Structure formats: C-alpha cells, structure tokens
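Asks: Construct the entire structure; sequences and hints are all you get.
The listed protein sequences correspond, in order, to chains L and G. In terms of the numbering used here, the first sequence opens at residue 5 and continues consecutively. In terms of the numbering used here, the second sequence opens at residue 2 and continues consecutively.
Simulated from the structure, these hints should not be mistaken for lab results. From a predicted model like this one, the values you see are computed outputs, not experimental measurements. Any given hint could be a false lead.
Mimicking DSS-like on lysine-lysine, the simulated pairs with C-alpha atoms at most 30 Å apart in a straight line are [unchecked claim]:
1. L:K245 / L:K255
2. L:K85 / G:K177
3. L:K199 / L:K25
4. G:K236 / L:K25
5. G:K177 / L:K68
6. L:K224 / G:K177
7. L:K199 / L:K79
Computed Cβ-Cβ distance ranges for the label pairs, DEER-style [said to hold, decoys possible]:
8. G:M160 / L:I256: 38 to 46 Å
9. L:A186 / G:P169: 46 to 54 Å
10. G:I239 / L:H46: 30 to 38 Å
11. G:K69 / L:H46: 47 to 55 Å
12. L:V197 / G:P169: 40 to 48 Å
13. L:R126 / G:H155: 54 to 62 Å
14. L:S32 / G:S212: 40 to 48 Å
15. G:S212 / L:D120: 30 to 38 Å
16. L:G38 / G:S132: 52 to 60 Å
Covered stretches of chain L (chain G as the covering partner; in silico rule of three or more C-beta atoms under 8 Å from a C-beta of chain G) [what the hints assert, rightly or not]:
17. 84-92
18. 107-119
19. 156-168
Backbone N, C-alpha and C define an ideal beta-carbon position, used for all residues, glycine too.
Chain residues, written in single-letter form:
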Amino acid sequence: MPVIKAENVKFVYSQGTSFEKTALDDVSFEIESGEFVGIIGHTGSGKSTLVQLLNGLLKPTDGKIYLDGKDIWEKPKQIRKVRFKVGMVFQYPEYQLFEETVYKDIAFGPKNMKLDDDEIDRRVRSAAEFTGLREDQLGISPFELSGGEKRRAAIAGVIAMDPDVLILDEPTAGLDPLGRDALLSRIVDYHNVRKNTILLVSHSMEDIAKISDRILVMSKGKKYMLDRTEAVFSKGDELEKLGLRVPQITKIMLMLRKRGINVDPTILTVEQGFNEILNCLSGV
Amino acid sequence: MVREITLGQFMPGDSVLHKLQARTKILLLIALIVFIFLCKNFVSLLLISLFSIAVILMTKISFMKYLKSLRVILFIVILTGIFNLFYGTGEIIWQWWELRITTGGVCNALFVIVRIALLMMVSAVLTYTTSPNDLTDAIERLLKPLTIFHIKVHEIAMMMTIALRFIPVLLEETDKIMNAQKARGADMESGSIFHRVRSLVPVLIPLFVSSFRRANDLAMAMECRCYNGGKGRTKMKISKFRLCDLAAALISAIVFTGVILCNVYFPIIF
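Replies: And the structure:
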C-alpha cells in the first residue's frame, strides 16, 4: 500500500477573488513506503504548494490526499496528527527557531505530541545526533549557532517528531558546498537507518540525482512525470524544455551519444561517468 | 489567514479625487473635519453631509467600501449615541427610574452619530484615493516648516515609507513562520484565549528576530548607497499644484462659507 497517494488534486489560491490563481491542477501519484523521492520543477511549478498539501497545511480545492490509505481531511480536527506523521522542513527553516535553548527548540514538536519527558529527551538527543549537533550545543541559545548549525537544529526539530514521511523543501539552499554535502549525507544516513519515506524538493539536479530513487517532475501546476531517476534524466531534451537541467555528467553522456559514442545515458554521478568513459576507451 | 487582513487601503483609480495633490487632500480634509465639528444646527449639518457624500461619490469607489470602514467603529458610534441619548435637557420623552430621554438628548445623539460617521468616511476618502508613497511625500512637504525647530521631518517621512513598504513583507513572513510552527504541531486555532496568546510566542519571536535582521540589512544597504538623510536630497518626481487643486479648494471654501452662514442665520441648537 502506498504511504502517500494524491488523487486528482487541485489547488486554487484566493478562490473567488480577483487574485484567483490555480497552483495545482489534476495531480495524481503514489509514493511507496521507504522511498526517497526527489521533486523538481521550475520556479512557480507548484512544488511548494504540493508539499504543503501533503501534510495538511493547505486543503485541496478538489481531489483527495491519502496517508496510509486514509483521506487526511476526513476528520479536519485530527489534522495535527497528520502533521506529526508527515514532517515538513520549510525553506530556510532556521528562521523558525525561537526557544531559549537548542534543546527546548528541538523538543517543541515532540512536546506538542504530548510525549512523556523521557521519550522527548531520547528523541531530542537522537535527532541532534542525526543532524550532527554536539551535546554541548544543546544547552546554548539557537541564536548563537552558526548559519549551518541553525539549519541543522531546525531540521532536528522536525526529525525529533519521528515522522513516517519527511518532506524537505530545499534544505541546502544558501549553504556552502561543504555544508551542503555534509547535510545531504546526513539526510541519506538518516534515511538508511530509519527506513522512512523522504521527499526532497531541490533545484540542484546533482544532489537529486545522487540520492533519490524516483523523481517527480512538476511543470505549470501539473505532474509532468514520476519515474525512476535514470529514466527521468535520460530525457534531457524534455527537461530542458521545462526550464530544468540534467546533472552535468549526464549531459556530457548525452552529448557523447549524439556524437556516436556508445556510452550509457543513465549515468548520474561523476564516478559512474569516469568508469563508463574508461570502459568505453578500453573497448576501443 | 494572515493574507486576509488588508492594511494598504489605497484603491487605484482615475477619479478627480485620485488626481488631486495629496497635499491638497490632506489640508482640505483637515478643514472639512473642523467644519464638521463647527456645525451648530441641522441645516449646516445637512449641508456638510451632502458635500461629504458628493465627495465620496466622486471617488468612483463603491459606497459599500465606505460603509465597511464604519464597521470598525460601529461599537463606539452606538455607545456614544446611547450615552448622549440620556444627556441633555428639554421635553422628556421617556423615563425609567433616574434615566430619562429628552428631545435635547435625541438631538445630541443624532449629531454625534452623524459627525463620527462623516469623520470616518471622509478620512477614508484620503486613504482610499492616495497611494501610501504620495501620502508620506505630502506629509513630509507639509511638515517641512517644522525643520526650523530641528525636527527631522525627512527622517520621519522616510521611516513611514519604510514601515509601509515592509508591511506586506512582514505579513508574508508571518505566514511562513506560522506554517513552519504548525508543521511542528503548534496549535493556534483551538483552546482558551490564554492558550492562544501563548501559542503566538513561537511566531512572534522569530518575527522579531527577522525584523531586526531586515532592518540591519536595509540600514547597511542604505549606507552603501551613501544615504545621509534629507539634507541636499532632491526628488525625482516633484508634485505641483494644478488647476483641479485650485478648483477643489474654491468649491470647499464655498461650502465652508455656507456652513458658517447656516450657523448664523438658523437657530443654534447644539
């Protein structure tokens, strides 16, 4: 059974006013439990609206969203339970920090879940470990942390709720390359340990290619495709028409093929590409 | 939720009132308010009401919008109306225990209600037909004489402009932070008032922090462009008085004279 299923979802902002704008139209897909799905799309393609619909921050104008087979808006009063199950990390999440200490801030979500103190303590510490925050940093004010550490503390605040589905909206935006790689590998580690479902929205095709099983491509408020990562990126021309790119190494492979060199077009990382070219050369 | 609050009231249009200088509108509005309170009998009140309604209709903005502006102060209007009913002298119409309604009281109540309603609606004419930027510019120029008392008029106007400019930005920010906290299970829609006020803390603190950050960034950006206050600063668009401003002033002057004449030639009842 898919963990998340969207059925003909439509969303219109400010319906009934002159500012009416359809952000999503007839979007349907299924995501299996334990999958790592990347979401890509041009600015304004409806990615952010889509992820906010998935955890019940927005209510679809039309269509239904199922979590574990149940319509999330069946009981509107229970929507908070959906938000605990579907954790959402927004863009620039460090701006949501507010507590006196990092510890208390991470504990905000679990506290809202009305867990007991021991369980909260366990979750805060394990979330801090997953995100790479040091023990001694838990006691200081979140405003004393560096930019990258603030980001980690904010993500820990969502991970501490131990959601079945974790949505990350551009978690690496504005970080330096080292910080970006470190954060991504932490997310992958977390995914491998917890085996939960992760949805990652990103503009970096390299990142998405490296870590996701499948990719959902959004364009102008519609689902353009949802397919395995290699299959999506082998359609480089189509993606470019949508204003998207493929990873640079995949692009090189596609260009080599156009020149009649028989390389695998589904190469996604530089290491794979390196080996593929070596193979190709030794074949000649 | 936050998006539904409208703060900027300006409604673009091409009516005569939109074309008038903001300075003209501010000065005439002040005069009009003074004359609304100078009315001493129903004839002059009627005259000024008709004039105000004519001005409101000339803005080509739906009359309903003006009535809505009254909704905010409806409670105050009704309350002061009721209090005024019981004050005043004259023939007793209704009496219960120590409370009595007199003809004078009824007149008082009517006068107060009409005055407050007119006051709100004519003020709305200014805010509905003038863009915030024009408004602050006009205030700066009207207050210019105060610079001789070492009051930093330009700085005050600049602060107002910046404040107005950042209202939509901060609203959007509030929306974002609210969503982020809701995603962490913050409950802002149910519970007692005490609970709801407390649940705003996770929104207000990040909002304060980001406001200060924005203020810092903006100050830095202004310094980088060598902003150093009003001294020697010129304007790109200089607003000038035109014929319609003169006409508006003349028509208003005629009406105000009419009010004074009505006060003189008809019996004073208030």
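Asks: Decide, hint by hint, whether the structure agrees.
Replies: Hint-by-hint comparison with the structure:
1. Straight-line distance between C-alpha atoms of K245 (chain L) and K255 (chain L) comes to about 14 Å, which keeps the hinted pair within the 30 Å bound.
2. Of the pairs offered as hints, the one joining K85 (chain L) and K177 (chain G) holds, with about 20 Å between alpha carbons and a cut-off of 30 Å not exceeded.
3. For the proposed pair K199 (chain L) and K25 (chain L), the alpha carbon gap of about 37 Å is over 30 Å, so the pair is violated.
4. The straight-line distance between the Cα atoms of K236 (chain G) and K25 (chain L) is roughly 37 Å, outside the 30 Å bound, and the hint therefore fails.
5. A hinted pair counts as satisfied when its Cα atoms are at most 30 Å apart, and K177 (chain G) with K68 (chain L) qualifies at roughly 24 Å.
6. For the suggested pair K224 (chain L) and K177 (chain G), the alpha carbons sit about 22 Å apart, so the restraint of at most 30 Å is met.
7. Using a Cα cut-off of 30 Å, the hinted pair K199 (chain L) and K79 (chain L) holds, with the two alpha carbons roughly 28 Å apart.
8. Checked against the hint of 38 to 46 Å, the C-beta distance between M160 (chain G) and I256 (chain L) comes to roughly 54 Å, which is inconsistent with it.
9. Between A186 (chain L) and P169 (chain G) the beta carbons are some 36 Å apart, a value that contradicts the proposed interval 46 to 54 Å.
10. The hint said 30 to 38 Å for the Cβ distance between I239 (chain G) and H46 (chain L), and at roughly 43 Å that hint is violated.
11. At about 40 Å, the CB distance of K69 (chain G) to H46 (chain L) disagrees with the hint of 47 to 55 Å.
12. With their beta carbons about 43 Å apart, V197 (chain L) and P169 (chain G) fall inside the hinted range of 40 to 48 Å.
13. R126 (chain L) and H155 (chain G) have their C-beta atoms about 58 Å apart, which keeps the hinted 54 to 62 Å range intact.
14. With their beta carbons about 41 Å apart, S32 (chain L) and S212 (chain G) fall inside the hinted range of 40 to 48 Å.
15. Range check, S212 (chain G) to D120 (chain L): about 36 Å between beta-carbon atoms, so the 30 to 38 Å window is met.
16. As the Cβ distance of G38 (chain L) to S132 (chain G) is approximately 55 Å, the hint placing it in 52 to 60 Å holds.
17. Figure legend: the region 84-92 of chain L, annotated as covered by chain G; annotation consistent (5 residues with Cβ-Cβ distances under 8 Å, at least 3 required).
18. Taking a C-beta to C-beta cut-off of 8 Å, the region 107-119 of chain L contributes 4 residues in contact with chain G, enough for the three needed, and the coverage statement holds.
19. For the region 156-168 of chain L, the assignment as covered by chain G holds, since 3 residues bring a beta-carbon within under 8 Å of that chain's beta-carbons and 3 suffice.
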